[in-house]
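Asks: As a plain string of letters, each chain reads:
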Amino acid sequence: EAGVVQSPRYKIIEKKQPVAFWCNPISGHNTLYWYRQNLGQGPELLIRYENEEAVDDSQLPKDRFSAERLKGVDSTLKIQPAELGDSAVYLCASSAARGSKAFFGQGTRLTVV
Amino acid sequence: DQQVKQNSPSLSVQEGRISILNCDYTNSMFDYFLWYKKYPAEGPTFLISISSIKDKNEDGRFTVFLNKSAKHLSLHIVPSQPGDSAVYFCAASPIIYNAGNMLTFGGGTRLMVKP
Numbered sequence: 002e003a004g005v006v007q008s009p010r011y012k013i014i015e016k017k018q019p020v021a022f023w024c025n026p027i028s029g030h031n032t033l034y035w036y037r038q039n040l041g042q043g044p045e046l047l048i049r050y051e052n053e054e055a056v057d058d059s060q061l062p063k064d065r066f067s068a069e070r071l072k073g074v075d076s077t078l079k080i081q082p083a084e085l086g087d088s089a090v091y092l093c094a095s096s097a098a099r100g101s102k103a104f105f106g107q108g109t110r111l112t113v114v
Numbered sequence: 254d255q256q257v258k259q260n261s262p263s264l265s266v267q268e269g270r271i272s273i274l275n276c277d278y279t280n281s282m283f284d285y286f287l288w289y290k291k292y293p294a295e296g297p298t299f300l301i302s303i304s305s306i307k308d309k310n311e312d313g314r315f316t317v318f319l320n321k322s323a324k325h326l327s328l329h330i331v332p333s334q335p336g337d338s339a340v341y342f343c344a345a346s347p348i349i350y351n352a353g354n355m356l357t358f359g360g361g362t363r364l365m366v367k368p
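First to last, the sequence lines map onto chains A and B.
Going by our numbering, the first residue of the first sequence is number 2, and it counts up by one from there.
Going by our numbering, the first residue of the second sequence is number 254, and it counts up by one from there.
FYI, nobody ran anything at the bench for these hints, they're computed from the structure.
Do not rely on the hints blindly, as some may be mistaken.
To be verified - Facing chain B, a subset of chain A residues (Cβ under 8 Å, in silico): (1) Leu46; (2) Asp57; (3) Gln60; (4) Phe104.
Said to hold, decoys possible - With a straight-line cut-off of 25 Å between C-alpha atoms, the simulated SDA-like cross-links for lysine to any residue are: (5) A/Lys102 <-> B/Gln255; (6) A/Lys102 <-> B/Glu268; (7) A/Lys79 <-> B/Asp308; (8) A/Lys102 <-> B/Asp308; (9) B/Lys309 <-> B/Pro293; (10) B/Lys290 <-> A/Lys16; (11) A/Lys102 <-> B/Ile303; (12) B/Lys367 <-> A/Gln42; (13) A/Lys102 <-> B/Lys367; (14) A/Lys63 <-> A/Gly4; (15) A/Lys102 <-> B/Lys258; (16) B/Lys321 <-> B/Asp277; (17) A/Lys16 <-> A/Asn31; (18) A/Lys102 <-> B/Met282; (19) A/Lys16 <-> A/Lys102; (20) A/Lys79 <-> A/Ser8; (21) A/Lys102 <-> B/Tyr292.
By construction, the Cβ of each residue, glycine as well, lies at the ideal position given by its N, Cα and C atoms.
Taking the hints into account, I'd like the entire structure generated from these sequences.
Replies: Here it is in structure tokens:
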């Protein structure tokens, strides 16, 4: 069974440029998460989807971050414009319904210069 | 305000001995607790979990203990192996029925198992 797939693995951009990350969750998983992990810290939730609906986006900086999950499968996370402080690893995870454990992708390491 | 804390940023253990990783939480709404292991350049991988109705869950060399009154959980690895060297994250979630988790992670503990 394929795991959570994320692309790209690495991205280097100049500040004020836009950037987008893509995630393909495990087949059949209704719940999809985007986390951000800063160096030396644990992952922090940005947004959680139940199927197509964003049910928890309180930690998403909405002035520059946006996310979508069309058809309740793949998801994209966008930053526009990127700032130096956005440099981090962006992790996507998915889980089946009813409180089961989350499976993580390998992450996208973003460096903003 | 960190709701999940791992107070030891690193731990060094000799191969074959026990590794004990600790985690404290403050939110009494947390009902489900997980440990994830993370190697460099990889995403976290699930290791073991425990729900609040239990105080112990065991899976091979890994055992998680939960003390709800103290809001404390620990992960025991016995015997420790060099391949266990990684960063371990504790995570907690309230139970959300008919939905996924809302995981809050600790800051991680880097475990080094010396041969």
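Asks: Decide, hint by hint, whether the structure agrees.
Replies: Each hint, compared with the structure:
no. : hint                  : result
1   : Leu46                 : holds (7 Å)
2   : Asp57                 : holds (6 Å)
3   : Gln60                 : violated (11 Å)
4   : Phe104                : holds (7 Å)
5   : A/Lys102 <-> B/Gln255 : holds (21 Å)
6   : A/Lys102 <-> B/Glu268 : violated (29 Å)
7   : A/Lys79 <-> B/Asp308  : violated (41 Å)
8   : A/Lys102 <-> B/Asp308 : holds (18 Å)
9   : B/Lys309 <-> B/Pro293 : violated (29 Å)
10  : B/Lys290 <-> A/Lys16  : violated (32 Å)
11  : A/Lys102 <-> B/Ile303 : holds (11 Å)
12  : B/Lys367 <-> A/Gln42  : holds (24 Å)
13  : A/Lys102 <-> B/Lys367 : violated (30 Å)
14  : A/Lys63 <-> A/Gly4    : violated (29 Å)
15  : A/Lys102 <-> B/Lys258 : holds (20 Å)
16  : B/Lys321 <-> B/Asp277 : holds (10 Å)
17  : A/Lys16 <-> A/Asn31   : violated (34 Å)
18  : A/Lys102 <-> B/Met282 : holds (17 Å)
19  : A/Lys16 <-> A/Lys102  : violated (35 Å)
20  : A/Lys79 <-> A/Ser8    : holds (13 Å)
21  : A/Lys102 <-> B/Tyr292 : holds (19 Å)
Violated hints for the displayed structure, listed by number in ascending order: 3, 6, 7, 9, 10, 13, 14, 17 and 19.
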